[in-house]
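Residue numbers (our numbering), protein chains in the order written: chain Y, 235 to 473; chain E, 235 to 473.
Check each hint, because a few of them may be wrong.
The list treats identical chains as interchangeable, and a pair is accepted whether it falls inside one copy or across any two copies.
[Unchecked claim] Straight-line alpha carbon distances no greater than 30 Å define the calculated DSSO-like cross-link-like pairs of lysine-lysine that follow: (1) Lys332 with Lys449; (2) Lys389 with Lys332; (3) Lys434 with Lys403; (4) Lys341 with Lys372; (5) Lys341 with Lys403; (6) Lys389 with Lys434; (7) Lys449 with Lys434; (8) Lys389 with Lys251; (9) Lys341 with Lys449; (10) Lys389 with Lys449; (11) Lys403 with Lys441; (12) Lys449 with Lys251; (13) Lys251 with Lys403; (14) Lys332 with Lys372; (15) Lys372 with Lys449; (16) Lys341 with Lys323; (17) Lys332 with Lys434.
Hints listed in this document are in silico derivations from the structure and should not be mistaken for laboratory results.
2 protein chains.
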Amino acid sequence: MATAGIILIGDEILSGKVVDENARFLTEELRELGVALRRVIVIPDVLDEISDTVRDFAGRFDHVFTSGGVGPTHDDLTMDGVARAFGQKLMRHPELEKLLRDYYGDKLEERNLRMADVPEGVHLVHGDHPTWPVIALKNVYVLPGIPEIFRRKFKSIREQFRGQPFHLKCVFTSDEEGRIAAQLDRIVATYQVQVGSYPKLDASDYKVKVTLESKDAAEVEAAAADLVRALGASVVRVT
Amino acid sequence: MATAGIILIGDEILSGKVVDENARFLTEELRELGVALRRVIVIPDVLDEISDTVRDFAGRFDHVFTSGGVGPTHDDLTMDGVARAFGQKLMRHPELEKLLRDYYGDKLEERNLRMADVPEGVHLVHGDHPTWPVIALKNVYVLPGIPEIFRRKFKSIREQFRGQPFHLKCVFTSDEEGRIAAQLDRIVATYQVQVGSYPKLDASDYKVKVTLESKDAAEVEAAAADLVRALGASVVRVT
C-alpha cells in the first residue's frame with residue numbers, strides 16, 4: 235500500500251493568520267486515491283527545518299507533498315530546503331526560465347526568475363496542466379501554498395498516485411467505550427482491519443462510532459458482521 | 235519568548251474521517267496568549283511514533299500539547315507513548331482512580347480504569363475545571379481528542395501560559411511579489427520583525443499582503459512606516 239506525508243511550510247499557518255486548506259484537500263484526495271496518509275506536519279519558513287523534514291519524510295513515505303514557500307521573496311525557502319535535503323544545489327532550469335519569460339514578457343523582474351531556480355536533478359511532472367509543471371525531486375512533489383493553485387496542480391497529476399481503494403464500515407453503538415473495548419480487542423486480533431473507536435458526546439442516538447477498514451472488502455464485511463453480532467442490541471446502525 | 239508544539243494523535247484525521255478542530259483552536263489560543271507555535275504534527279495511533287514525536291517535541295519547545303489517544307480502547311496509546319518518551323512506566327494514579335469510581339459508580343467497567351493509568355511522575359494541573367485535571371509530564375500536556383473536552387480543558391489552564399502579546403501590521407499592495415521582494419529584503423535586514431509576504435489571486439484591490447510582526451510594538455510601527463514609504467502609491471491600505 236502506497237504511503238504519503240504532507241509538509242506544510244509557512245509561518246502564516248502557525249501564527250493563525252491563515253487556516254490550512256491544502257492539507258485538508260490533499261487528505262481527502264489521497265484517501266480517494268487509496269494512498270495511506272501517514273503524517274502531516276506544519277513547520278515555519280526556516281531552511282534547516284525544511285531540509286531536515288523533507289529528508290526525514292522522503293525516507294519514510296512513498297510520496298511526499300510540500301505546500302508553500304515557493305516564490306520570489308525572502309521567506310520562500312522550500313526549493314533551497316528540498317535541494318539541501320538531497321545534498322543538491324539550486325540551478326536555473328532553462329524550461330522554467332522560458333516559461334517565466336513568456337509569462338511576464340517585458341514586465342519581468344529579475345527576482346521573478348527565482349521561480350526557475352530548482353534543485354539539480356528535478357523532474358518536471360507535466361500532468362494535464364496547461365502551463366506550469368509540478369516540480370519533483372525523487373519522491374518529493376513541491377506545490378505552492380496558494381490554495382487555488384495547489385488544488386489545480388495536484389489535480390493535474392493525481393491519477394498517477396491511484397491505487398486500490400479503501401473499504402470502510404461504521405458501526406454505531408449506544409454502549410460506552412469501556413463496555414465495548416474487549417470486543418474491539420478481539421476484532422483487532424481476529425481480522426486484518428484497522429479499527430477506530432470514536433466517542434461522541436452530543437449525539438442523540440449513539441455513544442461510540444466504531445470504524446473498520448481495510449483494502450480487503452471481504453475482511454471488512456466479516457469483521458463488521460462479527461462485531462454487530464457481539465454488540466447485539468446496543469447497535470444503533472451500520473453504514 | 236515561549237514556544238510551543240502541537241501533536242495530534244489519530245488515524246481519523248489522517249484518513250479524512252474527522253477534520254481537525256483542536257490544532258486550529260489551540261493555534262488561535264496560543265497566538266492570543268503570546269506563545270510562538272513552532273510546529274504542528276499529525277501522527278497515527280502507533281506507539282513508537284507517539285513516543286519518538288513526544289520526546290522530540292519536548293526537547294524542542296517550551297510547551298507541548300497532545301490531542302487524542304486517551305481512552306479505554308486499543309487505539310488509545312498516548313499515555314503509553316508519553317511514558318516511553320521519558321523512560322517512565324504507567325502507574326494507576328490514586329486520585330484519578332477515585333475520580334473515575336465516583337463518576338461511574340456501579341456502572342464502572344474495569345476498562346474504564348485505564349483512564350487512571352498515567353506515566354510515573356505526572357503532575358495534575360487542576361486549573362479552574364471542576365472535575366478532571368489536565369495530566370502533564372514535564373512540559374507535555376495530554377489533552378483528549380474530543381473537541382468539546384479539549385477546548386474546555388485547555389481553557390481551564392490557559393492563563394498559566396500567558397506572555398507578552400504579539401504586535402502585527404499588514405500592508406496591502408497592488409504590486410506583484412517580484413517587484414517588492416528587494417524592499418522586503420531590506421526591511422528584514424533593518425528591523426527586528428518577522429516579515430511575511432502573501433500573494434492573493436482573487437482579491438479585487440491588492441496583489442500581496444505583507445505582514446510585519448514582533449513583540450516590540452515600536453519596531454513593528456517603524457518597519458511598517460518605512461515599507462509604506464518605500465512602496466509609495468502601490469500601497470492600497472495598512473491595517
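Here is what the structure says about each hint:
{"no.": "1", "hint": "Lys332 with Lys449", "verdict": "neither (44 Å within a copy, 43 Å between copies)"}
{"no.": "2", "hint": "Lys389 with Lys332", "verdict": "within (24 Å within a copy, 54 Å between copies)"}
{"no.": "3", "hint": "Lys434 with Lys403", "verdict": "within (17 Å within a copy, 41 Å between copies)"}
{"no.": "4", "hint": "Lys341 with Lys372", "verdict": "neither (33 Å within a copy, 56 Å between copies)"}
{"no.": "5", "hint": "Lys341 with Lys403", "verdict": "between (55 Å within a copy, 29 Å between copies)"}
{"no.": "6", "hint": "Lys389 with Lys434", "verdict": "between (34 Å within a copy, 20 Å between copies)"}
{"no.": "7", "hint": "Lys449 with Lys434", "verdict": "within (26 Å within a copy, 40 Å between copies)"}
{"no.": "8", "hint": "Lys389 with Lys251", "verdict": "both (26 Å within a copy, 21 Å between copies)"}
{"no.": "9", "hint": "Lys341 with Lys449", "verdict": "neither (52 Å within a copy, 37 Å between copies)"}
{"no.": "10", "hint": "Lys389 with Lys449", "verdict": "within (23 Å within a copy, 40 Å between copies)"}
{"no.": "11", "hint": "Lys403 with Lys441", "verdict": "within (17 Å within a copy, 46 Å between copies)"}
{"no.": "12", "hint": "Lys449 with Lys251", "verdict": "between (38 Å within a copy, 16 Å between copies)"}
{"no.": "13", "hint": "Lys251 with Lys403", "verdict": "between (37 Å within a copy, 12 Å between copies)"}
{"no.": "14", "hint": "Lys332 with Lys372", "verdict": "within (23 Å within a copy, 55 Å between copies)"}
{"no.": "15", "hint": "Lys372 with Lys449", "verdict": "within (27 Å within a copy, 40 Å between copies)"}
{"no.": "16", "hint": "Lys341 with Lys323", "verdict": "within (28 Å within a copy, 64 Å between copies)"}
{"no.": "17", "hint": "Lys332 with Lys434", "verdict": "between (55 Å within a copy, 24 Å between copies)"}
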